[in-house]
Amino acid sequence: MVCFIDVHCHLDFDSLYSSLDNVIMEAKSAGVGIILTNGIDARTNRLSLGIAEKHSIVKSALGIYPPVGHFAENELIKELDFIRSKRKNIFAVGEIGMDFKNAHDKKVQENVFVSQLGLAEDIGKPVVIHSREAEKEVIDIMEKMKQGKVLLHCFHGRKSLIGKGIKLGFYFSISTNVVRSEHTQMLASLVPLNRIFAETDAPFMSPFKEKGNRPAFVVESYKKIAEIKGITIEEARNHIYMNWQRLFQ
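Going from the sequence shown to this note's numbering is simple: count from 1 and add 88.
Hints may be right or wrong, so weigh each one.
Claimed, not checked - Derived lysine-lysine pairs resembling DSSO-like cross-links, with alpha carbons at most 30 angstroms apart:
no.: 1; residue 1: Lys255; residue 2: Lys299
no.: 2; residue 1: Lys317; residue 2: Lys116
no.: 3; residue 1: Lys189; residue 2: Lys234
no.: 4; residue 1: Lys252; residue 2: Lys189
no.: 5; residue 1: Lys142; residue 2: Lys189
no.: 6; residue 1: Lys224; residue 2: Lys237
no.: 7; residue 1: Lys166; residue 2: Lys255
no.: 8; residue 1: Lys142; residue 2: Lys195
Just so you know, the hints here were simulated from the structure itself, not pulled from any lab data.
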């Protein structure tokens, strides 16, 4: 059944995990039928798997998130092996990527990123990409590696990079802060409907200044996407559901 989809959030965070049953119930009441929760390290990867096992509307993505300098090499290898072993239980490798804001480990980040891109291709999974202040580098690496299935989340690159990502066949997700972020509104206007998703990045990026973010609020992204594209919210929902089928199924 066609439903709203929150393609990126972090249900392992205490503000959501501590009241998880209520968070899931609220999402269902809002019409959300799929939530992709993303791990970022060994602890949250295991939490994400556990949440998905308990709640049928939750799907898990596992990954190692930048920065990665605090990981010993043997720990990284062990976690990549763990992700590989769970390939039948997950929908994507993520959240992965590079983050060059105040970064002192750029080469290490790149090496870990490339390893995870290779892993995703090996196990036939899409990747969910973080690229803060490393947008060009991330896209260039994925172009060089001919990465097949890509979702760029919370992308803040310039217009030319958005255009390049679209030409490469990448997908982009529009976060709930689109209600007030001019850049995210610009992103939504440029990305074609067959390449667009909606996300909360909960508990971050809330559309409401006085509230923390929750998967139920992804509907606010759909409303704004529909407004920007000049379509109904039902049409936006249908397009995004078809995109889910193409990228993740």
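For each hint, the structure was consulted:
no., hint, in the structure
1, Lys255 / Lys299, "violated, 37 angstroms"
2, Lys317 / Lys116, "holds, 25 angstroms"
3, Lys189 / Lys234, "holds, 26 angstroms"
4, Lys252 / Lys189, "holds, 22 angstroms"
5, Lys142 / Lys189, "violated, 36 angstroms"
6, Lys224 / Lys237, "holds, 18 angstroms"
7, Lys166 / Lys255, "violated, 35 angstroms"
8, Lys142 / Lys195, "violated, 38 angstroms"
Checked against the numbered hints given earlier, the structure breaks hints 1, 5, 7 and 8 and satisfies all the rest.
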